[in-house]
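Build the full structure now, drawing on both the sequences and the hints.
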Amino acid sequence: MWDNIDLLLQMPVLNIQLLLDGLFVGAIFALASYGLALVWGVMNVKNLAQGDFVIMGGYIAWWMSDTWEVHPILGLPVAIIVMFVFGWVIYRVIISRVVGRDMFTSLLATFGLAIVVQQLLNQMFGPEVQTAESGFQTRFFMDGMVSVAEIKFVSFVLTTILAAIVITFMKYSRMGQAIRATAQDARAAKVMGIDTERVYAFTYALNAAICGAAGVLISMIWIIQPFFGLSHSIRAFVVVTAAGLGNLPGVIATGLGLGAIEQFGGFILGAEYQQALVVGMLLLVLVIRQIQQSKQRQAVV
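Residue numbers (this note's numbering): 37 to 337.
Wrong hints could be hidden among the right ones.
Within a straight-line C-alpha distance of at most 27 Å, the following computed BS3-like cross-link-like pairs (lysine-lysine) qualify [said to hold, decoys possible]:
| no. | residue 1 | residue 2 |
| --- | --- | --- |
| 1 | Lys331 | Lys82 |
| 2 | Lys82 | Lys226 |
| 3 | Lys207 | Lys226 |
| 4 | Lys82 | Lys207 |
Label-pair distances were calculated between CB atoms; the ranges are [to be verified]:
| no. | residue 1 | residue 2 | range |
| --- | --- | --- | --- |
| 5 | Met178 | Asn158 | 41 to 49 Å |
| 6 | Trp104 | Leu44 | 40 to 48 Å |
| 7 | Tyr208 | Gly306 | 44 to 52 Å |
| 8 | Glu164 | Tyr309 | 33 to 41 Å |
| 9 | Gly148 | Gln173 | 38 to 46 Å |
| 10 | Ile327 | Val129 | 36 to 44 Å |
| 11 | Arg223 | Leu44 | 49 to 57 Å |
| 12 | Ala200 | Gly136 | 30 to 38 Å |
| 13 | Trp104 | Arg223 | 44 to 52 Å |
| 14 | Leu44 | Leu319 | 23 to 31 Å |
| 15 | Arg128 | Trp104 | 26 to 34 Å |
None of these hints come from the bench; they were simulated from the model.
Virtual Cβ for every residue (Gly too), placed ideally from N, Cα, C.
In structure tokens form, the structure reads like this:
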């Protein structure tokens, strides 16, 4: 560990490489986390299947590329549509029965959903690790010391575009305004004539579509496997818990920061401790949040 830290100090260019890699991946983390923030903030449902939706989107792009030789980027709109429909169906069949109930009910329901999705993906595609081949090249900078895969830059741009589309939709469309009104006060929204049940269904479907888009991008710059969804779920919970619900700038900043921390942590501690670092960060964020809430309660008293 100390040797790796010393290497970072002696070769500052390595810090640039790790930072760039972290930002490229962290942007996708932020995109998937925003979907979780929507579902959590509007419906008060903690979606433990969040990461599995991401993996589903990745497999859609990989399957289209492997079977039909379609470029994964062209599979992006297909994944968004398929996952939107899937999310709508899942809401009608499962999630609608847990909205408004206690936290543990939604956790158990989505945990069971995550297991079902994992097993279905495993049966359909097998347990092997897969990557959707993008065909892009790698560019080198600073005399070859810093490398940037073109697909990572393209994914970053696509993530930015998708985030801008979602933000614009939430701010200016009638459904987006209905979602925000329902998040603030569902009863008042219902009194004002908003069909909150339809809003909930659309919100969950939109979350699934966002996850599907994130999964397509993940499949091109990283790897996918049926049981990798848990790690993405943990990342989303870290980002949303740290940033807070309804704090989109915080979600973006935290997602980018998490990506950078993972890259630096993986380099310093070793790749085998990268997932442990993410879990440790989730525990740390939960402890800090609990301390903050305790102080707030004491201040009120």
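Report task. Could you say whether the range 44 to 52 Å given as a hint is met by the Cβ separation of Tyr208 and Gly306? Result -> Holds, since Tyr208 and Gly306 (Cβ atoms, about 47 Å apart) stay within the stated range.
Query raised in the report: If you check the beta carbons of Trp104 and Arg223, does the distance land in 44 to 52 Å?
Result: With a Cβ separation near 48 Å, Trp104 and Arg223 satisfy 44 to 52 Å, so the hint holds.
Report task. May I ask you to test the hint 23 to 31 Å on the CB atoms belonging to Leu44 and Leu319? Result -> With a Cβ separation near 25 Å, Leu44 and Leu319 satisfy 23 to 31 Å, so the hint holds.
Query raised in the report: Hey, Lys82 versus Lys226, does the alpha-carbon distance stay inside 27 Å?
Result: holds (22 Å)
Query raised in the report: Within 38 to 46 Å or not, the Cβ separation of Gly148 and Gln173?
Result: Once the Cβ atoms are compared, 43 Å apart, the range 38 to 46 Å for Gln173 and Gly148 holds.
Query raised in the report: Holds or violated: are the alpha carbons of Lys82 and Lys207 at most 27 Å from each other?
Result: holds (23 Å)
Report task. Verify the proposed pairing of Lys331 with Lys82, using a straight-line Cα cut of 27 Å. Result -> Cα-Cα ~24 Å, so holds.
Query raised in the report: Measuring from beta carbon to beta carbon, are Ile327 and Val129 in 36 to 44 Å?
Result: holds (39 Å)
Query raised in the report: Is it true that the C-beta distance of Glu164 to Tyr309 lies inside 33 to 41 Å, as the hint says?
Result: violated (24 Å)
Requested in this report: Take a quick look at whether Lys207 and Lys226 sit within 27 Å of each other, Cα to Cα.
Outcome: holds (19 Å)
Query raised in the report: Cβ-Cβ distance between Arg128 and Trp104: within 26 to 34 Å?
Result: Given about 30 Å between the Cβ atoms, the range holds.
Query - Verdict for Arg223, Leu44 (Cβ pair) under range 49 to 57 Å - result: holds (53 Å)
The structure does not agree with numbered hint 8 stated previously, though it agrees with all others.
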